[in-house]
Amino acid sequence: MNSTIKSALFEYTLRLGDSPLILGQRLGEWCGHGPILEEDIALTNISLDLIGQARAFLSYAGELEGKGRTEDDLAYLRDEREFRNLLITEQANGDFAQTLLRQFFISAFHYYFYAELKKSKDKTLAALAEKSWKEVAYHLRHSSEWVIRFGDGTEESKRRLEDAIDELWRYTGDMFDMDETDRVLIAEGLVPDLSPIRKLWEKKIAEVFETATVSVPENVFMMSGSRKGKHTENLGHLLAEMQYLHRAHPGVSW
Amino acid sequence: MIKKETVWSILEEIPDPEIPVISIVELGITRDVHIDGDSVTVDITPTYSGCPAMGVIEKDIIGKLKAAGVENPKIKVVYSPVWTTDWLNDEAKEKLRKYGIAPPEKASHDKSLLTGKPKIIACPYCGSGKTKLISQFGSTACKALYKCENCLEPFDYFKCH
Chain A
1 MNSTIKSALF EYTLRLGDSP LILGQRLGEW CGHGPILEED IALTNISLDL IGQARAFLSY
61 AGELEGKGRT EDDLAYLRDE REFRNLLITE QANGDFAQTL LRQFFISAFH YYFYAELKKS
121 KDKTLAALAE KSWKEVAYHL RHSSEWVIRF GDGTEESKRR LEDAIDELWR YTGDMFDMDE
181 TDRVLIAEGL VPDLSPIRKL WEKKIAEVFE TATVSVPENV FMMSGSRKGK HTENLGHLLA
241 EMQYLHRAHP GVSW
Chain B
1 MIKKETVWSI LEEIPDPEIP VISIVELGIT RDVHIDGDSV TVDITPTYSG CPAMGVIEKD
61 IIGKLKAAGV ENPKIKVVYS PVWTTDWLND EAKEKLRKYG IAPPEKASHD KSLLTGKPKI
121 IACPYCGSGK TKLISQFGST ACKALYKCEN CLEPFDYFKC H
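Chains as they are written, first to last, in this note's numbering: chain A, 1 to 254; chain B, 1 to 161.
Hints listed in this document are in silico derivations from the structure and should not be mistaken for laboratory results.
The structure presented is a predicted model; accordingly, all values stated were derived computationally and were not measured.
We put the CB at the ideal spot given by N, CA and C, even for glycine.
Do not take every clue at face value.
Using 20 Å as the maximum straight-line C-alpha spacing, the simulated SDA-like pairs for lysine to any residue come out as follows [unchecked claim]:
id	chain 1	residue 1	chain 2	residue 2
1	A	K118	B	K66
2	A	K118	B	T84
3	A	K121	B	P81
4	B	K132	A	E38
5	A	K123	B	T84
6	A	K119	B	V82
7	A	K121	B	V78
8	B	K119	B	V77
9	A	K123	B	K147
10	B	K76	A	K119
11	B	K76	A	E38
12	A	K119	B	T84
13	A	K118	B	C151
14	B	K76	A	G66
15	A	K123	B	P52
16	B	K147	A	I41
Which residues of chain B face chain A? A partial, calculated answer using Cβ under 7 Å [unchecked claim]:
id	residue
17	W8
18	S39
19	S49
20	S80
21	L133
22	A141
23	C160
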């Protein structure tokens, strides 16, 4: 593997690790606060899956980089601008509807994305994608059922879902942005083109929204920037909490 | 120098920390054993990415091998082939049932997961098929929570994966 490809693959694998890491941290905030016990357990179970995926991707990113950085170094010792997680993953939990809608958008994306990444010529990425894909299928089912229940539920639950759609829709475009890193790796058959994945995602969203009796927004300005480490204000606050212990006590271990 | 068979028989004695009626070998977590001179490496694969039992399992393997005289046993986490409940044999499934966990129904990637068509999961206590899914996410990452409408007992179902 030449050095251009290798450094692109490192960059890409960071993205793959950072999104589940940040979303996992967000979902962990629900621990002990779920509306019912089963949902408290569900959200933290999903969080656990995501942290597990993040660990595997970040460990691999560290290997690709070859500078001896571990998953912990990458998670705890990078600053905001060095994070490559999707903008939607760092958005605040809001209410239960907003958390589940965010989950639905991301899980639907990951479901179709990992299904393609499974075919990567990079054996490690292919294996991690296959494992993550199986787990994400459960997350997708869980969150889509809730979206339907909110939309087709009471006036209150529908209003909350619609508010959440207004809040989050603008961050969905960022999931499908592609840059030079993507192009280099797509050409090598290492990662998938996101355009056909976007079509599948849009179809899934339209289907679930129709059943939920809510409409898909049109002509909304889309935020972007995660590929370059340009984040919303939310990420800094999240990192402060997530990284505090490790930075206050360097080298601390469980 | 320790023999491969000896290492495997040691591993077979190690129970899964969360489901102690089956061993980590029966669960399919241990994938391979490599012996090179005095060095012993055990390949293991997680059931779920975030399975918190992995740390305990690693410690158990290292501890048991050291007790058997292996000086510096190593663990390697592998991800391919991806763990599946298809690796549980009928004997292991029967052990799960007796322990009160409904074993996974065959065919690992469960299409009904996305179509939402419910599968019939028999109650491990009374055998009734009149059961209801309470939550896809149960007491551990690998289990879902069900309730039997016949004997009214709640029970765990080991998810197909």
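* Asked: Which hint numbers doesn't this structure obey?
  -> The structure breaks hints 1, 8, 9, 10, 11, 13, 15, 17, 18, 21, 23; every other hint is satisfied.
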